[in-house]
Amino acid sequence: MLQIRPIVTALRRHKAGTVLIALQIALTLAIVCNAFSIIQQRLQHLSQPTGIDEANIIVVQNEWARSMSTQQVDAQVNTDLEALRHLAGVRNAAISNAYPLRGNGWDDRIMLEPDQLKPTTSTALFFSDERLLDTLGVHLIAGRNFQPGEIKAMDVRDKLSPPSAIVTQALARHLFPDGSALGKSIYFGDAHPVAIIGIVDTLQPHSVDRWASGFASQTTILPSRLLSEWGNYYLIRTEPGQIDAVAAKVRQTLFAQDVMRVISDKDGIQKFPDIRQAAYDRDRGMAVLMGIVCVVLLSITAAGIVGLTSFWVGQRRKQIGVRRALGATRGDILNYFLTENLLISSGGALFGIVLAVGLNLWLVTRFEMQRLSLAYVLIGVVMLLLLGQGSVLAPAMRASKVPPVEATRSV
Amino acid sequence: MFGYYLDLALHSLKRNKVLTALMVVAIALGIGASMTTLTVLHVLSGDPLPGSSATLFNPRIDPFSMDGYEPNKPPPEQVTWTDGMNLLHAARADRQALMTGGAVPIQPTQSSIDPFYTDARYTTADFFPMFSVPFLYGRGWNASDDDGKARVVVISKLLNDKLFEGKDSTGQTLRMKDTSFQIVGVLGDWRVNPHFYDLNIGDYAEAEDVFVPLSTSRDMKLSLNGSTDCWGSGGDPEHAENTPCVWLQFWVQIVDPAKVEAYKTFLTHYSQEQKTLGRFEREPNVALLDVMQWLDYKKVVPSDVRLQTWLALGFLLVCLVNTVGLMLAKFLRRSGELGVRRALGASRRDVFMQLLIEAGVIGLAGGMGGLMLAYTGLWLVRRQPSSYASLAHLDMTMLLSTFLLALISTLCAGLLPAWRACQITPALQLKSQ
Numbered sequence: 001m002l003q004i005r006p007i008v009t010a011l012r013r014h015k016a017g018t019v020l021i022a023l024q025i026a027l028t029l030a031i032v033c034n035a036f037s038i039i040q041q042r043l044q045h046l047s048q049p050t051g052i053d054e055a056n057i058i059v060v061q062n063e064w065a066r067s068m069s070t071q072q073v074d075a076q077v078n079t080d081l082e083a084l085r086h087l088a089g090v091r092n093a094a095i096s097n098a099y100p101l102r103g104n105g106w107d108d109r110i111m112l113e114p115d116q117l118k119p120t121t122s123t124a125l126f127f128s129d130e131r132l133l134d135t136l137g138v139h140l141i142a143g144r145n146f147q148p149g150e151i152k153a154m155d156v157r158d159k160l161s162p163p164s165a166i167v168t169q170a171l172a173r174h175l176f177p178d179g180s181a182l183g184k185s186i187y188f189g190d191a192h193p194v195a196i197i198g199i200v201d202t203l204q205p206h207s208v209d210r211w212a213s214g215f216a217s218q219t220t221i222l223p224s225r226l227l228s229e230w231g232n233y234y235l236i237r238t239e240p241g242q243i244d245a246v247a248a249k250v251r252q253t254l255f256a257q258d259v260m261r262v263i264s265d266k267d268g269i270q271k272f273p274d275i276r277q278a279a280y281d282r283d284r285g286m287a288v289l290m291g292i293v294c295v296v297l298l299s300i301t302a303a304g305i306v307g308l309t310s311f312w313v314g315q316r317r318k319q320i321g322v323r324r325a326l327g328a329t330r331g332d333i334l335n336y337f338l339t340e341n342l343l344i345s346s347g348g349a350l351f352g353i354v355l356a357v358g359l360n361l362w363l364v365t366r367f368e369m370q371r372l373s374l375a376y377v378l379i380g381v382v383m384l385l386l387l388g389q390g391s392v393l394a395p396a397m398r399a400s401k402v403p404p405v406e407a408t409r410s411v
Numbered sequence: 001m002f003g004y005y006l007d008l009a010l011h012s013l014k015r016n017k018v019l020t021a022l023m024v025v026a027i028a029l030g031i032g033a034s035m036t037t038l039t040v041l042h043v044l045s046g047d048p049l050p051g052s053s054a055t056l057f058n059p060r061i062d063p064f065s066m067d068g069y070e071p072n073k074p075p076p077e078q079v080t081w082t083d084g085m086n087l088l089h090a091a092r093a094d095r096q097a098l099m100t101g102g103a104v105p106i107q108p109t110q111s112s113i114d115p116f117y118t119d120a121r122y123t124t125a126d127f128f129p130m131f132s133v134p135f136l137y138g139r140g141w142n143a144s145d146d147d148g149k150a151r152v153v154v155i156s157k158l159l160n161d162k163l164f165e166g167k168d169s170t171g172q173t174l175r176m177k178d179t180s181f182q183i184v185g186v187l188g189d190w191r192v193n194p195h196f197y198d199l200n201i202g203d204y205a206e207a208e209d210v211f212v213p214l215s216t217s218r219d220m221k222l223s224l225n226g227s228t229d230c231w232g233s234g235g236d237p238e239h240a241e242n243t244p245c246v247w248l249q250f251w252v253q254i255v256d257p258a259k260v261e262a263y264k265t266f267l268t269h270y271s272q273e274q275k276t277l278g279r280f281e282r283e284p285n286v287a288l289l290d291v292m293q294w295l296d297y298k299k300v301v302p303s304d305v306r307l308q309t310w311l312a313l314g315f316l317l318v319c320l321v322n323t324v325g326l327m328l329a330k331f332l333r334r335s336g337e338l339g340v341r342r343a344l345g346a347s348r349r350d351v352f353m354q355l356l357i358e359a360g361v362i363g364l365a366g367g368m369g370g371l372m373l374a375y376t377g378l379w380l381v382r383r384q385p386s387s388y389a390s391l392a393h394l395d396m397t398m399l400l401s402t403f404l405l406a407l408i409s410t411l412c413a414g415l416l417p418a419w420r421a422c423q424i425t426p427a428l429q430l431k432s433q
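These protein sequences, in sequence, are chains E and Y.
The numbering used here puts the first residue of the first sequence at 1, with every later residue one more than the last.
The numbering used here puts the first residue of the second sequence at 1, with every later residue one more than the last.
The reader is advised that the hints may include incorrect statements.
[Claimed, not checked] Within a straight-line C-alpha distance of at most 35 Å, the following computed DSBU-like cross-link-like pairs (lysine-lysine) qualify:
no.	chain 1	residue 1	chain 2	residue 2
1	E	Lys-249	Y	Lys-298
2	E	Lys-401	Y	Lys-14
3	Y	Lys-177	Y	Lys-162
4	E	Lys-184	E	Lys-118
5	E	Lys-266	Y	Lys-14
6	E	Lys-266	Y	Lys-298
7	E	Lys-271	Y	Lys-177
It should be emphasised that the hints constitute simulated quantities derived from the structure, not laboratory data.
Predicted, not measured: the structure shown is a model, and the values here were computed from it.
Work the whole structure out from these sequences, hints included.
This is the structure we're talking about:
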């Protein structure tokens, strides 16, 4: 470390090269820190639990090929579900208009008073019956489930007026922070009170995208089979390990009940693990892309440092020879180049921290990103300093092998 | 002299293979990444109807009640049935169309094809001329078909291929929801990117397979698809004509730019009139954006794509700084050679030119590599499941831009090293030899 002053003096004579290495380190640090932050956010997003027994759930998108009245649809749905439940390996089956990660669905505003002008919050609405909780494997933590007698068949054209609702814990807490949600009434835009009779721990809404942040984790289950003339979703929960066997039998089973239906070959019958995979494809893609960007950037920076340092070593062979002749050990020479790189890298890193924070502030305002955590900046700095030392090692070793006799040679 | 310098450049590049390779790879990576993301951005932010997009407008009015009123909040993006019909029939623009998305069950007469659902658009007659929709066979329907709730349908080329093996099917029958429709037209290849006239279906959705008069769709209660935003007493799709809900898209064509303001004034007057009638509660709040303004307002280009583009440009910057450093090392290492050239009479300018040409050669090589990487990158993008994936192709503009970007950026990168190398005093170099 005693060599700092001569190093600084020497660096003054290589201003362009020094500034370039420092600048490259700074830019790399700025991009890599923010890329880390993006990776972390995306991974965190895609590992959010849905609250359901994902490994054993099959979603069937059943569409009707002819016109039917609500009563006809209701009767057919009952026949279908009964047939599905009797399949070997099926634990339960239910009808629903939505399921977690579906992408779109029905969301509505919730009021605490019937004449409230501004809604208290928003919620995703799942229309189903008393079998939904068991079918999805959602845990009821307070209150009770619906009873079969409470379930109504609702046409999509009917007015929304359920007597009761089961809500997620997140929604209950949002509506009643004092924890008294059970038994309270909520309103969906009119004077009709809806009683909260049960609370489940986690059940993600139909979308977890940014646009759905207004009702993140806030799901309400209503005791109505929402029957649409175009079709509905059947949710099936299988016994563990039976998902493939059951999925293979679903189409045949349903067509045996009625042939005037459409179940798309492409996505008519989906296993939930595939739904999850597809729902987070974009997040995963972004995380992988950022990972690649980091690796390539760091490699390029390392290559740049090796290239420039090699050049410096070549240029200074004579000086090194003189120092060796004057008694400097190989270790001293090695140390010289390592310290030189540490100085440049540190300078670059300092500037890089400023750039990283600046870039992050800009990203936050333009792309709704989270703030950069200091930990990532520190990890980035340590990484780049180590990278610099690693890259400079080979040229520095070569420098330390310059024999003292070099001092006597011209060039 | 150019040929000679090129020769020198190639010679010098060959002499230092590792350093040359490093520079070319760095440029190629930077260019490849930038061009991949820029191409995706270019495709996604393109004009869906070049030539006529500036004459197409999306009129918006605010029929909401005072619930949740916020001053300066933009009006809703869709219209109610009542307002849509009023504006359609007022016919104050050159052309106007009222529409919504839907899904219809198709029951093929061929026993070999199972019934299936497909996307539909319920619209009015002006849709086809207004959006310059190409026809392979037949034509669209006319206003009297709209009024008469005619059982007519226009189908896509894709559907025609599927059901009629691509033959002219006009005059034939298509069965949908137990009803026979007469096919009056088959579309040519048509896909607008983005799907600007109804973004609720998907920003980059493909064109619908079936087009039915809006009046017919309501008469037959065909199912709707898209976004419905209701207020007050809420929705009832059975009688959607009377509900306080916005669920229809309304587009107009105004060819003369001078008449755009007049149309906006008309919208304000209409809102005022509806307020006087007691239908509207809010003060007139109107908007009239053309296609590109509308896409901008709706932020159609995915923010992930924009983020990736910026990061790729940052990436390119790092690659360039890297190249500047390496080039500096390379050029200065040749001080001796350059000193001799200077001593033999080459001017600073000559040396500068020589070095810039060397940089240019690196840039072209990097551009070539970058192009290959961009092709690979775009191939990877197309394998993504997003709705726009299939659109990601390199066109001629982007191909030329790749080389231009590579060349310009490397020349810029070469400026500093070349300038530094020119500063070498020939005498000093020769002496130290």
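Against the structure, the hints:
{"no.": "1", "hint": "Lys-249(E) / Lys-298(Y)", "in the structure": "violated (43 Å)"}
{"no.": "2", "hint": "Lys-401(E) / Lys-14(Y)", "in the structure": "holds (27 Å)"}
{"no.": "3", "hint": "Lys-177(Y) / Lys-162(Y)", "in the structure": "holds (18 Å)"}
{"no.": "4", "hint": "Lys-184(E) / Lys-118(E)", "in the structure": "holds (19 Å)"}
{"no.": "5", "hint": "Lys-266(E) / Lys-14(Y)", "in the structure": "violated (54 Å)"}
{"no.": "6", "hint": "Lys-266(E) / Lys-298(Y)", "in the structure": "holds (30 Å)"}
{"no.": "7", "hint": "Lys-271(E) / Lys-177(Y)", "in the structure": "holds (30 Å)"}
In this structure, the hints that do not hold are numbers 1 and 5, in rising order.
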